[in-house]
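A.B. asks: Each chain, letter by letter, is given below.
2 protein chains.
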Amino acid sequence: MKQSGIPSGCVIRTQCLHIRPGSSSQEHVVLVHETGIELHLNSQRIMKTQCMAHDLEHMALGFLVCEGILQHRSELQEVAVDTHAGVVKISAQIPEHRLQAASAVLRLASGGSKTGVIDCMQQKVAEGFKIISDATLSAEAVIRLGNEFNHYQGLYRDTKFVHSAALSDGSRILYHAEDVGRHNAVDKVVGFGFLNEIDFAKSVLLCSGRFSLEMVSKAARVGIPLYVSPAAPSVEAVALAQRVGMCLIGRARDDNAIVYASPYRIQNLHYDHPGS
Amino acid sequence: MKQSGIPSGCVIRTQCLHIRPGSSSQEHVVLVHETGIELHLNSQRIMKTQCMAHDLEHMALGFLVCEGILQHRSELQEVAVDTHAGVVKISAQIPEHRLQAASAVLRLASGGSKTGVIDCMQQKVAEGFKIISDATLSAEAVIRLGNEFNHYQGLYRDTKFVHSAALSDGSRILYHAEDVGRHNAVDKVVGFGFLNEIDFAKSVLLCSGRFSLEMVSKAARVGIPLYVSPAAPSVEAVALAQRVGMCLIGRARDDNAIVYASPYRIQNLHYDHPGS
Chain A
5 MKQSGIPSGC VIRTQCLHIR PGSSSQEHVV LVHETGIELH LNSQRIMKTQ
55 CMAHDLEHMA LGFLVCEGIL QHRSELQEVA VDTHAGVVKI SAQIPEHRLQ
105 AASAVLRLAS GGSKTGVIDC MQQKVAEGFK IISDATLSAE AVIRLGNEFN
155 HYQGLYRDTK FVHSAALSDG SRILYHAEDV GRHNAVDKVV GFGFLNEIDF
205 AKSVLLCSGR FSLEMVSKAA RVGIPLYVSP AAPSVEAVAL AQRVGMCLIG
255 RARDDNAIVY ASPYRIQNLH YDHPGS
Chain B
5 MKQSGIPSGC VIRTQCLHIR PGSSSQEHVV LVHETGIELH LNSQRIMKTQ
55 CMAHDLEHMA LGFLVCEGIL QHRSELQEVA VDTHAGVVKI SAQIPEHRLQ
105 AASAVLRLAS GGSKTGVIDC MQQKVAEGFK IISDATLSAE AVIRLGNEFN
155 HYQGLYRDTK FVHSAALSDG SRILYHAEDV GRHNAVDKVV GFGFLNEIDF
205 AKSVLLCSGR FSLEMVSKAA RVGIPLYVSP AAPSVEAVAL AQRVGMCLIG
255 RARDDNAIVY ASPYRIQNLH YDHPGS
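So the protein lines, in turn, are chains A and B. Under the numbering used here, think of the first position of the first sequence as 5, with each following residue one higher. Under the numbering used here, think of the first position of the second sequence as 5, with each following residue one higher.
Derived by calculation from the structure, the hints in this document are not laboratory data. There could be a bad hint or two in this list.
[As the list claims (entries may be wrong)] Stretches of chain A that chain B covers, calculated by requiring three or more beta carbons in the stretch to come under 8 Å of a beta carbon on chain B: (1) 30-39; (2) 67-79; (3) 130-144; (4) 224-238; (5) 241-253.
[Stated by the list, open to error] Selected chain B positions facing chain A (Cβ under 8 Å, derived; list incomplete): (6) GLY13; (7) VAL34; (8) HIS62; (9) GLY120; (10) ARG148; (11) VAL194; (12) PHE198; (13) LYS206; (14) LYS222.
Small disclaimer: the values here were computed from a predicted structure and weren't measured. Each residue gets a CB set at the ideal place from its N, CA and C atoms; glycine is no exception.
Input sequences plus hints: build the corresponding full structure.
C.D. replies: Shown next as structure tokens:
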């Protein structure tokens, strides 16, 4: 079997806090890098995605093939991957009518890639944006909320298909939503909070899926200071949370959780230093 | 706790084939509906997403709030949800400078929502598109490939963050790719197949995540006749696979799998009828 041969630059190994009720310790975790990549076809920008910056030639070609834009191997002229600039440039000899049809489809699909919030947050971070909140949570409350969220049965029990998100005031879950996409589930709880004028600066967001840069950007954009998930984050999600002052808590299962960013929002945190 | 109160119309209960080596039986499964929803703000279309058509008011508001377009409850004038037409219309009094900034961000994000392939496949299905392939697979081969794919360790073991996709000729896995998005992982294996002129009509796609309409549309667009996953599909993914002649196999774990569509591609299939 050929494999895409993941280079070591796609992941980092770092130390985070492992919390349990009554005790905490340092633990090594491995995080994946995600990056924004643009696809240019014959000098025109046609797509942007968050991905792992590896095997990008295949990814760009596969996208064009799945969209029906590129149909025959002989049409392909050149593929140039510039990982540093985050661009894959493809030159191809494609019949005008197919380019036009594809362009109509891509226009139809446009405006909804939902990466706008990432660009927006990157700009705000450059301007020095911080979440204005003094909210904190005890390790016990993190574990308890995580368990309440994980044990909520809902549609997932029967379908194995949906994601869940919830909004909490730190002591109880106020609202719970499900959707086929985790970004939609988060939008639903944020929309609920907005309509009901809930103070996001005192809220905890819980979400079932992996927390990518987009998910953390959404929470940061509305000023939520605590994010709890049974899953894991990317390097970039952790970096954003650290810079804006969001406490990012993952692997929240049973009586364990990992604090990936801003541990000062966990109350009375004392942990055994390595070798102590 | 308030919940979004999922209405029964969001799921269906249907019969599928449960296969094991040497035997098969009918089994009830529950599938989630997904649907394409457009968001219009002050009569302008600004976003499109695949979602569960429920709690759409919250979803649309949450999207606008996370993007920074809507900032105060008092700016909101009206929300009209037309589930039948698949449109949520929001009227809001938003300062011109914020609308312009948001519009720039949304334009930047445009062209990459990756739902183009869904629109494209819906048009092709209306024109009578079928996958041209006589490929079949034995139940034993499905189970064996599924296990080989599921036991591939790769990056997921350490990071709990990435999705996997693979391309097989029915007897062995030819290529394996990983990415933070399952659509990107599928693009990567399709791009590999395209570059190496692999005959998609004789191929099996394996993918780790839930198989939504977008995932099945991608495979259908390139003419792959068999799709195997450890996860579950949506109603619309199953309907598309059925119409184009793709065998959709989910919950492929250990020595079990569920055939959701086109069971004629499974060799020597005989099963016990209920009551026999």
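A.B. asks: If a hint holds in the structure, say so; if it doesn't, say that too.
C.D. replies: Status of each hint after checking the structure:
no., hint, in the structure
1, 30-39, "holds (count 4)"
2, 67-79, "holds (count 7)"
3, 130-144, "violated (count 0)"
4, 224-238, "holds (count 6)"
5, 241-253, "violated (count 0)"
6, GLY13, "12 Å, violated"
7, VAL34, "4 Å, holds"
8, HIS62, "3 Å, holds"
9, GLY120, "4 Å, holds"
10, ARG148, "14 Å, violated"
11, VAL194, "4 Å, holds"
12, PHE198, "5 Å, holds"
13, LYS206, "16 Å, violated"
14, LYS222, "4 Å, holds"
Violation of the numbered hints given earlier is confined to hints 3, 5, 6, 10 and 13; the remaining hints are satisfied by the structure.
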